[in-house]
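Chains as they are written, first to last, in the working numbering: chain A, 45 to 352; chain B, 45 to 352.
Keep in mind that the hints are not guaranteed to be accurate.
[Stated by the list, open to error] Simulated pairs of lysine-lysine, DSS-like, Cα-Cα distance not exceeding 25 Å:
1) K114/A <-> K77/B
2) K114/B <-> K109/A
3) K155/B <-> K154/A
4) K109/B <-> K154/A
Because the hints were derived from the structure by calculation, they are not lab data.
Number of protein chains: 2
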Amino acid sequence: MILVHSFNSSIDITYQIDHLNIGQVHRPNTVIKNAGGKGINVAKVLNQLKENVLLMGYIAGNNGKTIKTKLEDITLSNEFIETDGESRICIAINDGLHQTEILESGPLIKKVYQKEYIHKLKRKQHCNVQVISGSTPILEDATPLEHTHTILNSIESNYNIVDVRASELQQLLQYDEVHCIKPNETEFDELIGFTCEHLEQRIDVLKHNPLFQNKDVFLTLGANGALIKRNNHLYRAHIPNMQIVNPVGSGDSTVAGIAYGIENLFDDEMMIKFAMACGISNAMNEQTGYISLSQINELIDKIKVEKI
Amino acid sequence: MILVHSFNSSIDITYQIDHLNIGQVHRPNTVIKNAGGKGINVAKVLNQLKENVLLMGYIAGNNGKTIKTKLEDITLSNEFIETDGESRICIAINDGLHQTEILESGPLIKKVYQKEYIHKLKRKQHCNVQVISGSTPILEDATPLEHTHTILNSIESNYNIVDVRASELQQLLQYDEVHCIKPNETEFDELIGFTCEHLEQRIDVLKHNPLFQNKDVFLTLGANGALIKRNNHLYRAHIPNMQIVNPVGSGDSTVAGIAYGIENLFDDEMMIKFAMACGISNAMNEQTGYISLSQINELIDKIKVEKI
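If we strip away everything but chain A, and leave its shape as in the complex, we get (with noise of 0.2 Å):
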């Protein structure tokens, strides 16, 4: 089973109008409202993969029974915390051009919630596979680190993937129980502190800087593909060029990927291009969180992996 933890749901809506002209009044000409967050993508595509996948996180007020509705109108397995106030909403406004996001933090998890979570977990004993992914909320008497690290001690797991901001990372990874983590370019030079010029330097970080030791890192390069450290050896992923519709939820359905691949004992080329089919077939999708797996079959023969 896997278990992928959304700490901050969120209603995501995307209001597609023609052009925002900034003091004036929209009346856009669709709306879409989906259940949001990077944890919830990710549970998303494992669903689709038809994996057994269960879902856990925090949801408030009206707000967070439209994101359970949402969920159970796709089957998705979900046990969610009930705390005060309302889930937050994410806007995201189109106009074709330009996309402008209004992002609410979220209401404040007080302790009482964040114990229930906790035994709530507890009770579950144990789970092969295990995925943090999104922002922390705002927590009473509880640093994002400390409740992080909690989680992750609650349940027994084989392997948990951890896909948080790099600040929060940095710290993280001093845990042994975080085993896998998920960067892009831009958040890994702010999780080693500093700006690579090229390949060979991330390659060189990703061999020697302590910070990674032990971890499997999977650090994705956009258009260029992949570096992956898997079991302490290192390969290249290189992708082939297509269109891409709309990129956003890509590196959650890499995640997923990552996950599924763990889960069913790949080996380590198959879990790389299986995790990278993920993220290329959502960002070939207009919708966020959605694979095709047809595309993802297509996609896994023109994916090259190389040990490096």
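Chain B: place on chain A using the hints.
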């Protein structure tokens, strides 16, 4: 009893941000969420005036539940018909200089719910003053005109104030059931089909245009006060210079003041002063649809009404 209809209620969200940059991600400094829509503002003000007011309307989904909860938090009596879909969200992005708005259209109101509304309304038998305020939602098999006309004929009422968009109002004015309208200058010009050059021209139109025959017209002129036709007498209201904080909802507060004045048998001059004071008090407050009783009392002394 004053009955207020709000057919297309919304959750009004105001995001306060430092600067709106197209194509960028914004995390708002403050987020304010209110039950909104012109009818709800009218009812809110009447509720603050401790008037016996009942709010009716359509609400839908979890957003509808949020609207209802917010009204119950301020103990505003309400009876809604719950329909399919989701009540709309109206977003205002404020960066100190500009207000950029995104207004959803709201759900389609199926015939079955329109009938349920009429049925509920007919059971009430009578009210003294009735207000229809704000845009009509998308209706199955009915025009806004037919819908409003049916509502006006479903309950015995002594005085009906209708404050909807000018395009609907023009046709509605043919009905005897419409007793009072409250256009601003722009809406007035739209209603009569040409732009008035000066006050005298507006007075002339109010006196002689058959559109306004036997109708009370409360024509607001912003800082220039108002022109009022009441019982076929004409009045001019002069208002003092005040510190305007947020004029949104001032028209709705004026409507509430008119309804209050009619319900409480104020003479024409007092009704006009009271309605103007409600509008100004709203504009002097940050929040939409909020007035201060002490401000109103002070303002009434400063507003001058002359018969013309």
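So, going through the hints one by one against the coordinates:
1. K114/A <-> K77/B: 22 Å, holds
2. K114/B <-> K109/A: 17 Å, holds
3. K155/B <-> K154/A: 44 Å, violated
4. K109/B <-> K154/A: 24 Å, holds
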